[in-house]
Amino acid sequence: MSDSVGNNLKIWRAKFDLTQAQLALKAGVSRKTINTLERGVYTPSVELALKLAALFETSVEEVFFLKTD
Amino acid sequence: MNDNELNTVDDLDKLEQQRRSTLSLFIYYFSSWQLGWIATKYFSTIMPIYLYYVFGIVLLLGTLGSIWHLTNIAKITKLIKKNPEFKKVINDERECSLKNKAMAYGFTASIATSAVFLAILALIEAFSYLDTVLITANLVAHVTLVVTILIAAIAYSIMEQQE
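Top line first, the protein sequences correspond to chains A and B.
All residue numbers for the first sequence refer to the numbering used here, where the first residue is 4 and numbers rise by one.
All residue numbers for the second sequence refer to the numbering used here, where the first residue is -16 and numbers rise by one.
Worth flagging that the hints you see were computed from the coordinates, not collected in a lab.
Certain hints may be false.
Label-pair ranges, simulated between beta-carbon atoms [claimed, not checked]:
1. Thr46/A with Met30/B: 45 to 53 Å
2. Arg42/A with Leu47/B: 28 to 36 Å
3. Gln144/B with Lys70/A: 50 to 58 Å
4. Thr91/B with Lys70/A: 26 to 34 Å
5. Ser7/B with Val44/A: 19 to 27 Å
6. Ala124/B with Ser48/A: 32 to 40 Å
7. Arg42/A with Ile29/B: 49 to 57 Å
8. Lys54/A with Met30/B: 53 to 61 Å
9. Ser48/A with Gln144/B: 17 to 25 Å
10. Thr46/A with Ile141/B: 18 to 26 Å
11. Leu53/B with Glu60/A: 39 to 47 Å
12. Leu34/B with Thr71/A: 55 to 63 Å
13. Pro31/B with Asp6/A: 54 to 62 Å
14. Lys54/A with Ser27/B: 53 to 61 Å
The calculated lysine-lysine pairs, modelled on DSBU-like cross-linking and capped at a C-alpha distance of 30 Å, are [as the list claims (entries may be wrong)]:
15. Lys54/A with Lys61/B
16. Lys18/A with Lys(-3)/B
17. Lys71/B with Lys54/A
18. Lys64/B with Lys29/A
19. Lys18/A with Lys70/B
20. Lys84/B with Lys13/A
21. Lys29/A with Lys70/B
22. Lys84/B with Lys71/B
Computed, partial: chain A to chain B, Cβ under 7 Å [what the hints assert, rightly or not]:
23. Gly31
24. Ser33
25. Arg34
26. Thr36
27. Val44
28. Tyr45
No residue lacks a Cβ here, since even glycine has one placed at the ideal position from N, Cα and C.
All chains, full assembly: derive it from the sequences and hints.
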């Protein structure tokens, strides 16, 4: 049993009606980074997680969560 | 956020995709160039003539692929010059993390290559009747350097594709 970081990035992006490219530009990362985050391939740094949560005007726990596989 | 900015993001994205897809061509070019160089410089006495032609053709094909790759990099650089804020985007934390991992693979390969050469030299020394030693310090340094660069580049390319 191992822990990994899941996220609701796609849902939040849809709520704010943003494309991956738009969110990437706002967060200062590449579109591919947003894409890999949404697919759960890449786990962001604390800094990026906080930045994304701030962009969605919510807490980081609302966007990212710990999931047990 | 205006349309112009988004078009530039799309352009950057497309160029980045092209850069990633042409990286394998660059790896092919670099490996064939270096293989040809090592073979002709260090093993010219035992290399058959027809291999020179083979290396020539391989190198020519690799050069074309490499020019395509370098053209994409030049376009990206031009785009970044126009929009300096994209420098941070193109070298974001995921990209830096991939590069660091690729460097770690390269470093491991460099240690392994040095160890292999050390073992070969120890064997040659043990069987001292082999007087004609082809392994020179230049060759060891050259091969180690090439293997390090290639492994790092290949690891980066594979990790990029897997994501």
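Consistency of the hints with the structure:
no.	hint	result
1	Thr46/A with Met30/B: 45 to 53 Å	49 Å, holds
2	Arg42/A with Leu47/B: 28 to 36 Å	34 Å, holds
3	Gln144/B with Lys70/A: 50 to 58 Å	26 Å, violated
4	Thr91/B with Lys70/A: 26 to 34 Å	31 Å, holds
5	Ser7/B with Val44/A: 19 to 27 Å	20 Å, holds
6	Ala124/B with Ser48/A: 32 to 40 Å	37 Å, holds
7	Arg42/A with Ile29/B: 49 to 57 Å	51 Å, holds
8	Lys54/A with Met30/B: 53 to 61 Å	56 Å, holds
9	Ser48/A with Gln144/B: 17 to 25 Å	23 Å, holds
10	Thr46/A with Ile141/B: 18 to 26 Å	19 Å, holds
11	Leu53/B with Glu60/A: 39 to 47 Å	43 Å, holds
12	Leu34/B with Thr71/A: 55 to 63 Å	57 Å, holds
13	Pro31/B with Asp6/A: 54 to 62 Å	58 Å, holds
14	Lys54/A with Ser27/B: 53 to 61 Å	57 Å, holds
15	Lys54/A with Lys61/B	28 Å, holds
16	Lys18/A with Lys(-3)/B	26 Å, holds
17	Lys71/B with Lys54/A	15 Å, holds
18	Lys64/B with Lys29/A	19 Å, holds
19	Lys18/A with Lys70/B	29 Å, holds
20	Lys84/B with Lys13/A	27 Å, holds
21	Lys29/A with Lys70/B	14 Å, holds
22	Lys84/B with Lys71/B	19 Å, holds
23	Gly31	5 Å, holds
24	Ser33	5 Å, holds
25	Arg34	5 Å, holds
26	Thr36	4 Å, holds
27	Val44	5 Å, holds
28	Tyr45	5 Å, holds
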